[in-house]
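J.: The residues making up each chain are set out below.
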Amino acid sequence: MTRARGTDGSLLASLPWTLAALIIALVPHVPFLPVWISGAFLGCAAWRYIIEKRRRTLPSSWLRAALALFCFLGVLFTYSSISGVGPGSALLAIMAALKLLETRKRRDQFVLLFLSIFLVMSSLLREQYLWSLPYMVVSLLVIMSAWLRMSAGESQSPRQSFATAGRLLMYAAPLAIVMWVFFPRIATPFWTVPIDTSQATSGISDTMSPGDISSLSMSNEVAFRVSFDDAIPEPRERYWRGLVLIRFNGRTWTGRDPGISPGALEQIEVTGEPIDYEVTLEPTRQQWVFALDVPTQWSLSEIFMGPDQQLARNVPFEQRVAYRITSFTNYKISAELSNLYRSWYSSLPEGSNPRTAELARQMRSDAGSDSAYVESVLQKLNREEYFYTLDPPPLGSDPVDRFLFDTKRGFCEHYASAFAVMMRSVGIPARIVLGYQGGEINPLGGHLIVRQSDAHAWTEVWLDGLGWYRVDPTAAVAPERIDIGASDAAFEAFGRAWGLTAPSRLLHRAKLAWDALDAKWNELVLGYGPDAQNSFMKWLGMNNPTWRKMMLTLIALVGGLVMLISVVLMLRYRPPLKDNAALLYQQFVKKTGLEPHTGETALVFAARIAKTGQFPEQTVDEITEAYLDARYGRNNAAAFERLRTAVRAMA
Amino acid sequence: MQRSTTLETVPAGRNAQRAVLDRARTSLGTIILGKDEQISLAIACLLARGHLLIEDLPGLGKTMLAQALSRVLGLTFRRIQFTSDLLPADIIGVSVFRQNSGEFEFQPGPIFSQLILADEVNRATPKAQSALLEAMEEHQVSVDGNTRELPVPFFVVATQNPGDQIGTFPLPESQLDRFLMRIEIGYPNEESERELIAGEDRRAMLKNIDAVTTPEMLIALQQAASKVPVTDALISYVQALVRHTRESAEIEIGMSPRGAQALVAAARAYAYVENHAGVYPDDVQAVFAAVAGHRLKPAGSTRFRSPAELCQHVLDSVAIP
Chain A
17 MTRARGTDGS
27 LLASLPWTLA
37 ALIIALVPHV
47 PFLPVWISGA
57 FLGCAAWRYI
67 IEKRRRTLPS
77 SWLRAALALF
87 CFLGVLFTYS
97 SISGVGPGSA
107 LLAIMAALKL
117 LETRKRRDQF
127 VLLFLSIFLV
137 MSSLLREQYL
147 WSLPYMVVSL
157 LVIMSAWLRM
167 SAGESQSPRQ
177 SFATAGRLLM
187 YAAPLAIVMW
197 VFFPRIATPF
207 WTVPIDTSQA
217 TSGISDTMSP
227 GDISSLSMSN
237 EVAFRVSFDD
247 AIPEPRERYW
257 RGLVLIRFNG
267 RTWTGRDPGI
277 SPGALEQIEV
287 TGEPIDYEVT
297 LEPTRQQWVF
307 ALDVPTQWSL
317 SEIFMGPDQQ
327 LARNVPFEQR
337 VAYRITSFTN
347 YKISAELSNL
357 YRSWYSSLPE
367 GSNPRTAELA
377 RQMRSDAGSD
387 SAYVESVLQK
397 LNREEYFYTL
407 DPPPLGSDPV
417 DRFLFDTKRG
427 FCEHYASAFA
437 VMMRSVGIPA
447 RIVLGYQGGE
457 INPLGGHLIV
467 RQSDAHAWTE
477 VWLDGLGWYR
487 VDPTAAVAPE
497 RIDIGASDAA
507 FEAFGRAWGL
517 TAPSRLLHRA
527 KLAWDALDAK
537 WNELVLGYGP
547 DAQNSFMKWL
557 GMNNPTWRKM
567 MLTLIALVGG
577 LVMLISVVLM
587 LRYRPPLKDN
597 AALLYQQFVK
607 KTGLEPHTGE
617 TALVFAARIA
627 KTGQFPEQTV
637 DEITEAYLDA
647 RYGRNNAAAF
657 ERLRTAVRAM
667 A
Chain B
2 MQRSTTLETV
12 PAGRNAQRAV
22 LDRARTSLGT
32 IILGKDEQIS
42 LAIACLLARG
52 HLLIEDLPGL
62 GKTMLAQALS
72 RVLGLTFRRI
82 QFTSDLLPAD
92 IIGVSVFRQN
102 SGEFEFQPGP
112 IFSQLILADE
122 VNRATPKAQS
132 ALLEAMEEHQ
142 VSVDGNTREL
152 PVPFFVVATQ
162 NPGDQIGTFP
172 LPESQLDRFL
182 MRIEIGYPNE
192 ESERELIAGE
202 DRRAMLKNID
212 AVTTPEMLIA
222 LQQAASKVPV
232 TDALISYVQA
242 LVRHTRESAE
252 IEIGMSPRGA
262 QALVAAARAY
272 AYVENHAGVY
282 PDDVQAVFAA
292 VAGHRLKPAG
302 STRFRSPAEL
312 CQHVLDSVAI
322 P
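If you're matching them up, the sequences are chains A and B in order.
Residue numbering for the first sequence follows my numbering, starting at 17 and increasing by one per position.
Residue numbering for the second sequence follows my numbering, starting at 2 and increasing by one per position.
Hints may contain errors.
If the Cβ cut is set under 7 Å, some of the chain B residues that face chain A in the computed set are [to be verified]:
no.	residue
1	P230
2	A241
3	G279
Simulated DEER-style distance windows between Cβ atoms [what the hints assert, rightly or not]:
no.	chain 1	residue 1	chain 2	residue 2	range
4	B	P230	A	D637	20 to 26 Å
5	A	L585	B	A250	30 to 36 Å
6	A	T635	B	P230	24 to 30 Å
7	B	P230	A	I571	50 to 56 Å
8	A	I571	B	Q313	52 to 58 Å
9	A	R588	B	A250	34 to 40 Å
10	A	R588	B	D317	32 to 38 Å
11	A	T635	B	N276	20 to 26 Å
Source of the hints: derived by calculation from the structure; they are not laboratory data.
Predicted model only: the values in this text are computed from it and were never measured.
Every residue, glycine too, gets a C-beta built ideally from N, C-alpha and C.
Using the sequences and the accompanying hints, generate a full structural model.
T.: Below is the structure:
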């Protein structure tokens, strides 16, 4: 047992490569894994290397079993589950590291390299980025080099292994591309990967409490990108509606669950020009579909319109999805509203925010009409000392009262919430819309980037004859937020704070370039789904590509490619013994017009040529002597030169 | 038995060695007429530190060749006539009790010479044969528990009469392997034979012949011969030949790796004799029949009547890479 666990340093040459392959496979998982797993992984790698280096013995099977159990429980404790991408990859990583501790033979190293390939692939289950492909190429290069190092031993230099691995990947690349293009993509996949719900993505949530959106304002993450068919609307026109919140409990606004409302689309009357655009939405883990103001048409059949004109999809967005929308910015919704709905949209919890209710009743009676009242409330927010800030003071119970009368500092959600409560207090139907406002135009890609920091909340009030009418109280307080956009505002402030106008501008431009590349990559590669494949197949002239047809095409193409590569390799093959002297001698043989018999030596052949009398004996002897010396003698270089001159000189 | 030499006239260095070789060949050629190829092979065998088996009918000059070699090369020479009653002690020597000193004294046998002619080796019993063959292999003999080194250089020329069938013990294949080369001398051509009949008695001539070299010089020649370059291209050719002997339908047992080594060693020495810049395929072909002939076991159905024919067939079927 002890002898079996001993190491003799025989793996010392290939082990660092295996460790490098494992570590590079771990890299994309690190941000998602608990720190202790990455730590344990690196610890096991270092431990194993030291064991080999100092020729120690491997840990006993009892210790290994205990470690495995401990790590398993650790994963279970960290995630409170062992299924799903998160715990799955955590288990995979930690067990690969533990496998190191029983790696004694080359076979074990093979297992480790398989595991590292599996780790690399499993990182794709989470999310695919622009850097995923270069990363995979590099990691496969390292893993395959490790493989070659293991089999090649001393005879091959590391550089040669890298070159061979690169060549193998090159041969595989056309196959991969063909498979990627032609493998049938199915709208509903055969399998579903349980998504890691513990890792919440940043984005707007289903409810709105004070502080929800201000926490988003610091996030620079992209929410979605939009490419417009025609001109991009002005910033003030860019209200991206998401979900509509209609219930208020005194502190938190909540909306409805997504559901189809057949009448919702009919409530919209539109005028003016339609705006056509495509939205590429980053995964939100939610069902809401974001669209400019009021959408009237959309491309995906699984998207539907619910009550309050909010768009949703039947399943959450777990992957990046692109959809086309037609929107109008001149519209009128629900010119008529029943009494039942009017009271529903203006209900408030009993006795909440009493000071606000008192103020609202007073201002309403002063204003005289509903529309005049809306105007006067906006003016109050504009004229009095209300400040727009990302860092508002905390509010206790009755937050609207506290905000309106005491703190007077807030973010869009405070203003929207206060405004809606003011409206509802006097019986005007009001609802809150959560979404995004503005967005940054990427001059390189020509598209609009909407970030999480552009998250916004505004209100819609129902006025007689006008229907649901958008009112953005934040615009009354901080019009620059609406005109410039949140990210630019934050960016300017950042640049000023650090006094780095030029470098930060350069940085910003670099980021825009990266974003443009990312958007193109998303559109062309990651967005190559069933629709894109269908249209590509149509372009290729394959109408109605069925699953079976595509598979046959794929097999034919792969077979053809394999044959092509084999033929290229066969043509490139040179028998190793045809050295230069032999090639020159062949030229000479060709010039004589005779053919040496099998097993006829150069000297015998020379004698035969001499017998024909066609060639000067001296030349033939000189060539033969030089050839024999160059090919079989010690003085190769000089003899080779002699041979070359003599063969060239021969008529 | 060392002879006075005329080494003073020989130039130094590589040219000296060449001159010695050429003179040795010329000297041998005056005694063994019209057998230049056999002489070259015999010298090559000696330079490759191998042993030579001459297989032919009586009266074709087997013994003469061996004697001439020893004379020309200045080696101590002993002839052992193998008979059916020959004992190992007759070859190796015996310890004799000396009464005046009261001790055993080793009386060296004929094997303690630089060149041994083992005449008609297939007439002796396997026991006597193996005493000789072991000495050839080990370059030393053990008598009464003492190991005695044989002289250097040590060269055995054994002759065998293929015609004799009765009362002979033909050497088995495993023993044949100990000889680097097996050659046949064959009848002389008409011109040579005429000169042989009409001319001086060869035995008398042999007495007057001078040695052209010393044992030390012979050792230097052996070392020089082992340094003739062998290129990858030539090794490929040797491998192709060896592979063919193993795969050919004409041959039951092909050449062993040791046989291949022997082929390269012999070709090296031959290339040295021929003054080639390296070992050429011609050198391999020249020694092939001598080296491979007794190492191949032809298939029962073979259409070739002699090993030489079979070897020529192999050479004609293998392309030179």
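J.: Indicate, hint by hint, whether the structure satisfies it.
T.: Here's how the hints hold up against the structure:
1. Checking P230/B against chain A by beta carbon gives a least distance of about 4 Å; that is within 7 Å, so the hint holds.
2. With a cut of 7 Å, the hint placing A241/B at the interface with chain A is violated, because the nearest CB-to-CB distance is about 10 Å.
3. A cut of 7 Å between beta carbons decides the hint on G279/B: the least distance to chain A is about 4 Å, and the hint holds.
4. For the pair P230/B and D637/A, the supplied restraint of 20 to 26 Å holds, since their beta-carbon distance comes to about 21 Å.
5. For the pair L585/A and A250/B, the supplied restraint of 30 to 36 Å holds, since their beta-carbon distance comes to about 34 Å.
6. For the hinted restraint 24 to 30 Å between T635/A and P230/B, the CB-CB distance of approximately 26 Å keeps it satisfied.
7. A hinted range of 50 to 56 Å for the beta carbons of P230/B and I571/A is consistent with their spacing of about 54 Å.
8. In this structure, I571/A and Q313/B meet the distance hint of 52 to 58 Å, their C-beta atoms being roughly 55 Å apart.
9. Distance hint check for R588/A and A250/B: the Cβ-Cβ separation is about 35 Å, which falls inside the suggested range of 34 to 40 Å.
10. Between R588/A and D317/B the beta carbons are some 33 Å apart, a value that agrees with the proposed interval 32 to 38 Å.
11. Between T635/A and N276/B the CB atoms are about 22 Å apart, so this pair conforms to the stated range of 20 to 26 Å.
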